[in-house]
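A.B. asks: In order, the protein sequences belong to chains A and B.
Be aware that the first sequence starts at 1, since it is given in this note's numbering, and climbs by one per residue.
Be aware that the second sequence starts at 1, since it is given in this note's numbering, and climbs by one per residue.
The set of hints was computed from the structure by calculation and includes no laboratory data.
Keep in mind that the hints are not guaranteed to be accurate.
As the list makes no split between identical chains, a pair holds if one copy fits it or if it spans any two.
Claimed, not checked - When the alpha-carbon atoms are kept at most 27 Å apart in a straight line, the in silico DSSO-like pairs for lysine-lysine are as follows:
hint, residue 1, residue 2
1, Lys301, Lys217
2, Lys449, Lys217
3, Lys155, Lys228
4, Lys217, Lys155
5, Lys228, Lys357
6, Lys301, Lys449
7, Lys311, Lys155
There are 2 protein chains.
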Amino acid sequence: MLTETQLNQLRAIVGPQNVHSAPAELIAYSYDGTHPQHPPDVAVTPATTEEVSAVMRFAYQEGIPIIGRGGGTSLSGGAIPLTGGLVLALTRMNRILEIDHVNTCAVVEAGVINGEFQARVESEGLFYPPDPSSLAQCTLGGNVACCAGGPRCLKYGVTKDYVLGLTVVLASGEVLEWGGKLFKNVTGYNLAQLFIGSEGTLGVVTRIILRLLPLPKVRSTAVAFFPKLDDAAASVVGVMAEGILPATLEIMDQATISVVEQYLHLGLPTDVEALLLLEQDGNDQGAVEREVAAMAEVCRKHGASEVRVAKDAAERNDLWRARRSISGALGRYRPSKLGEDIVVPRGQVPAMVRRIKEIGQEYGLSIPVFGHAGDGNLHPNILFDMRVPGELERVQGAAAAIFRAALSLGGTLTGEHGVGSLKKEFLEEAVGPVALQIMRDIKSALDPKGLLNPGKMFPTPGGSALESFLTALPTLEGLTPG
Amino acid sequence: MLTETQLNQLRAIVGPQNVHSAPAELIAYSYDGTHPQHPPDVAVTPATTEEVSAVMRFAYQEGIPIIGRGGGTSLSGGAIPLTGGLVLALTRMNRILEIDHVNTCAVVEAGVINGEFQARVESEGLFYPPDPSSLAQCTLGGNVACCAGGPRCLKYGVTKDYVLGLTVVLASGEVLEWGGKLFKNVTGYNLAQLFIGSEGTLGVVTRIILRLLPLPKVRSTAVAFFPKLDDAAASVVGVMAEGILPATLEIMDQATISVVEQYLHLGLPTDVEALLLLEQDGNDQGAVEREVAAMAEVCRKHGASEVRVAKDAAERNDLWRARRSISGALGRYRPSKLGEDIVVPRGQVPAMVRRIKEIGQEYGLSIPVFGHAGDGNLHPNILFDMRVPGELERVQGAAAAIFRAALSLGGTLTGEHGVGSLKKEFLEEAVGPVALQIMRDIKSALDPKGLLNPGKMFPTPGGSALESFLTALPTLEGLTPG
């Protein structure tokens, strides 16, 4: 709890209307995409980097934890103020400051919504590839904090590949300006890359310079159905072996297809073990269509029972509908879900999908899997009902088994969601003690009081973080990982 | 100087034949691409990560500085053992351990030569884009240490965009394993990105997992001559505005063209202010040729006096000859040169080139400029003769003026060569005190004794580092920045 004096000091910095401390107001800052709730002591909505700096300088002196917040769509529990403290919500810092065509980049405030940014740059013939599924709500600052990805990342890379410059307010309130409108920069350590994906534990990003690409003029999409999972996986490898780097290469397993079909009645065959959604983009209509035809041929040669190539934008939209509807479909299947984000080497995708199926059977849980087959980044979603006695323990066991299966296949815990609260107890197992110690040393150097997003990413002693997290899980409303 | 006991301990680790301490042997480890020489006390050529670890553990205990070394082609004085100590040369660790087609990546030891690696993966239909001009000599480990670039980086990115995993031996001898055959990974801080470009000041990289792309099936090249520099720059912007992201977009200014023409007699027009070398690659012959034709048209529309499009591989080779010959040509022009590596926003390229010309006139020096116009990464080369009284001081003044001009245009010191010894006194001016302090904090956390590549990157008190560097500069033999 903050004292009235402390609240007044915050009011003096950002104006009384931007300091929120009434319990009813704090609800909006108490959850994220994983849904458990814990209110902060206070939420502050600053308008400028200077205000963020002043708030953080004050919080640092007073020993108040700071939890940076964008759209609140984190799927790792990264944005929940589990220990109370001050939520610094950057939603008012939502200006696109500049779209620079000469230098093909943009300067944005951290609170700009990803989807709004994409629409804006595309309307000007430019392109910002990272496209997390939450793009209608998530902010570019949050994307930087988590190094967000999306279906276009095999060809185009993730958020870290687009950040040219950052303004970061440090724990002390000091302001770091790094980079510029520069496509190459090796002047000292690459500090931007240290803050990208640091989940608000090293500083609060307020301003970003993002590289843009020319907008590809055409795109073409296909979906392929595979009676055998292994044939889908072999097709993914086969496409790359043809010399093709597709814009999208998404996979849905049988359980996911079934759940989506049951919900939407799209006419998807539910007797196949997998489907692949394939897309290519480029500037030359013929070249793009030929590559999609070549990908379709690879799929047929590897045992696809059917390949549908979209003939126009409407058909293309239809093909994407299944992928985009997973979210809503899963939400209707069982009252709760735990969405994971494991990564394995591409060649291990079939082994991983099979292992998840086995884990589901072992723990008596339905675990649909979908994700980015080209990247090896899979989203197993453990569906459950907490009111069923013992189910919570089984979810915990299944989640741990999935993490360990990914690690044993040469993979890791998270590809685009972050560690957050959900996976922190597995961090050392994933990265090893040497890496963890370096991470702790960096954290201590930049945040000596440990005030930035406490209890996130780093394992904390005492009990299972996943268990306490799951226990706090309410019935979900339909968000799903991207 | 190491004692005989210390030398024997090193011999016990790597074998006597891999400990080099005779003055004649040490010459090979005393210089880099910038040519000043300073021998180490000892050079060690280990064969495994375990040996590197044992050597570094020993050196850490004994307080001996460690200078990691690859091909010794650094253009920033980054590899010169200015303070003596132990050079850890990874040239024997030169095995390509695996080319993995399923996961489109390779596992290599740090001492593998970039050019040999490129040839090998291309022979298997794969592609590793980063292509520094020193690729015939430089190692992939050195490329990681400096985040090397090259002419293909506008479209394809630099070294940091290809590193999926790293094995790094830390100052203490501990071994960090980070990442894997994983295209996405946000499990904790991205430590790989911290080591990439850290110039051997945080650890010694011994093993790398590199992402590969499918090899583009076709490429097409053109060269355009511009009577006016501004028209060349406008063409660069115009190409991107057409929605084209070219594989290469290189610029040479009038002084560079003249020097090259004088040396090679290629028939280049020496009355133009600039030429652009343009290239596109892809999988579709027609699409690639149409994009090159579109780029040629943009150049003509913006005032190119002539555009030559290569009709076949032989003609393509001819067009690249001018670019590839800059090195030799400059070396023949005056006995010494100082090659710089500044970056400015793409739109500031003409202003920067003009400013360099003015600086050359001001200081009475010839400073040809060439580089990566699409990236804004320029290589001004200050040509001089140290025997001319006062010329050294003028070179120093001109170099500082170039750095400051780049900074004042929103640019920075180095795009792909690193800070090394040459630019360290300008680091704080470039990144600011807050960034410098974070860099120092990270350095202290990872190398508390300050034993890794001492005297590099970070400014050191007392006198001009550039001056002492230039004073040590012998007559050059022909290397030039890429």
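A.B. asks: Taking the hints in turn, state whether each one holds.
C.D. replies: Status of each hint after checking the structure:
Proximity of Lys301 to Lys217 under the C-alpha cut-off of 27 Å is restricted to the inter-copy arrangement: shortest distance 22 Å between copies versus 29 Å within a copy. For a Cα distance limit of 27 Å, the shortest separation of Lys449 from Lys217 qualifies neither inside one copy, at 50 Å, nor across copies, at 55 Å. Only within a single protomer do Lys155 and Lys228 lie at most 27 Å apart by alpha-carbon distance; the minimum there is 26 Å, versus 37 Å between protomers. In this assembly of identical chains, the alpha carbons of Lys217 and Lys155 lie at most 27 Å apart whether taken from the same copy (16 Å) or from different copies (17 Å).
Proximity of Lys228 to Lys357 under the C-alpha cut-off of 27 Å is restricted to the intra-copy arrangement: shortest distance 14 Å within a copy versus 65 Å between copies. In the homo-oligomer, the alpha carbons of Lys301 and Lys449 never lie at most 27 Å apart, since the shortest distance is 59 Å inside one protomer and 60 Å across protomers. In this homomeric assembly, Lys311 and Lys155 come within 27 Å of each other (Cα to Cα) only inside a single copy, at 23 Å, whereas the closest approach across copies is 30 Å.
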